[in-house]
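**Q** Protein chains in written order, with the working numbering: chain A, 58 to 176; chain B, 18 to 111.
If you are wondering where the hints come from, they were derived from the structure by calculation, not from laboratory data.
Every residue, glycine too, gets a C-beta built ideally from N, C-alpha and C.
It is possible that some hints are incorrect.
[Unchecked claim] Per label pair, the in silico range of CB-to-CB distance:
no. : chain 1 : residue 1 : chain 2 : residue 2 : range
1   : A       : M58       : B       : S74       : 15 to 21 angstroms
2   : B       : L88       : A       : Q149      : 20 to 26 angstroms
3   : B       : P47       : A       : G115      : 41 to 47 angstroms
4   : A       : G64       : B       : R99       : 39 to 45 angstroms
5   : B       : S74       : A       : L129      : 23 to 29 angstroms
6   : A       : L159      : B       : V44       : 37 to 43 angstroms
7   : B       : A96       : A       : V116      : 28 to 34 angstroms
8   : A       : E161      : B       : I37       : 37 to 43 angstroms
9   : B       : F40       : A       : A165      : 39 to 45 angstroms
10  : A       : P84       : B       : V30       : 25 to 31 angstroms
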Amino acid sequence: MMILVYGLVLTGAFFMLVAAIGLVRMPDLLMRMHAATKAGTLGAGLLLLAVAVAYGDGVTVRALAAIAFLFLTAPVAAHMIGRAAYYAGGVQCWDGTLLDELAEARQADADARAASSPS
Amino acid sequence: MLSLTWPLWVAFVAIGLSFILVFVRLVRGPSLSDRVVALDMLSYLSIGLIALWTLVSQQPAYLDAAIVLALIAFLATVAFARYIARQHGEEVTL
Chain A
58 MMILVYGLVL TGAFFMLVAA IGLVRMPDLL MRMHAATKAG TLGAGLLLLA
108 VAVAYGDGVT VRALAAIAFL FLTAPVAAHM IGRAAYYAGG VQCWDGTLLD
158 ELAEARQADA DARAASSPS
Chain B
18 MLSLTWPLWV AFVAIGLSFI LVFVRLVRGP SLSDRVVALD MLSYLSIGLI
68 ALWTLVSQQP AYLDAAIVLA LIAFLATVAF ARYIARQHGE EVTL
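Chain A extracted, bound-state conformation (with noise of 0.2 angstroms):
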């Protein structure tokens, strides 16, 4: 029991420094979001299960709920600050981006509007 909590306090505290070294290495605020939201979720999940493991009943229930609401509520967040950073216009995609399909969009319904009005 006690080599299960010890291997995911590891693992746990293992991703949350992988999370943090891809904030502060990738280059542009999408890449940074990806390492901080998916590692950084995992990282502090796999921390809260072993104080699952660790303890019994009413704390497991607690540790499992946190878990839970930690996974339901880190995706939206993420989304909501990409998506508000986007169309703020404050996303410099990295120069080695090949695929932006948001900005293509946007200008081919830029140009079907401007297509579309009489003047």
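With chain A fixed as given, assemble chain B onto it according to the hints.
**A** Frame of chain A, contents of chain B only:
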């Protein structure tokens, strides 16, 4: 249940190092959105730290703080997202 054995030391050191790295991004972050992402990450780190401290201190009551922190962090991020959207005259539809 647990004393401060070496895996917990290693985990504390890793999370402390992560706090420092995220603070670097919080200070340097070129745009407001970068700083908001860093703040979000700080709250995840705090949740992990509270979970670790729950193990070390053998006080399961600390876990409630982690649950509340997860909730507050979500609300803060949503508020910042609305602020960023409104700051640039974008229609807020959320």
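**Q** Does the Cβ pair L159 of chain A, V44 of chain B satisfy 37 to 43 angstroms?
**A** violated, 30 angstroms
**Q** Is it true that F40 of chain B and A165 of chain A lie within 39 to 45 angstroms of each other by Cβ?
**A** holds, 41 angstroms
**Q** Tell me if the beta carbons of P84 of chain A and V30 of chain B are separated by a distance inside 25 to 31 angstroms.
**A** Holds, since P84 of chain A and V30 of chain B (Cβ atoms, about 27 angstroms apart) stay within the stated range.
**Q** Given the hint of 23 to 29 angstroms, check if S74 of chain B and L129 of chain A actually sit that far apart at their C-beta atoms.
**A** holds, 28 angstroms
**Q** When you take the CB atoms of E161 of chain A and I37 of chain B, is the distance between them in 37 to 43 angstroms?
**A** holds, 39 angstroms
**Q** Note whether the CB distance of A96 of chain B and V116 of chain A lies within 28 to 34 angstroms or breaks it.
**A** holds, 31 angstroms
**Q** A range of 39 to 45 angstroms was offered for this pair. Does it hold for the Cβ distance of G64 of chain A and R99 of chain B?
**A** Roughly 40 angstroms apart at Cβ, these two residues keep to the hinted range, so it holds.
**Q** Looking only at beta-carbon atoms, does the pair P47 of chain B, G115 of chain A fall within the given range of 41 to 47 angstroms?
**A** Holds: the Cβ-Cβ distance is about 45 angstroms, inside 41 to 47 angstroms.
**Q** Taking 15 to 21 angstroms as the stated bounds, is the beta-carbon spacing between M58 of chain A and S74 of chain B within them?
**A** holds, 19 angstroms
**Q** Does the Cβ-Cβ separation between L88 of chain B and Q149 of chain A fall within 20 to 26 angstroms?
**A** Violated - the Cβ-Cβ distance for L88 of chain B and Q149 of chain A, about 32 angstroms, lies outside 20 to 26 angstroms.
Of the numbered hints stated above, those contradicted by the structure are hints 2 and 6, listed in ascending order.
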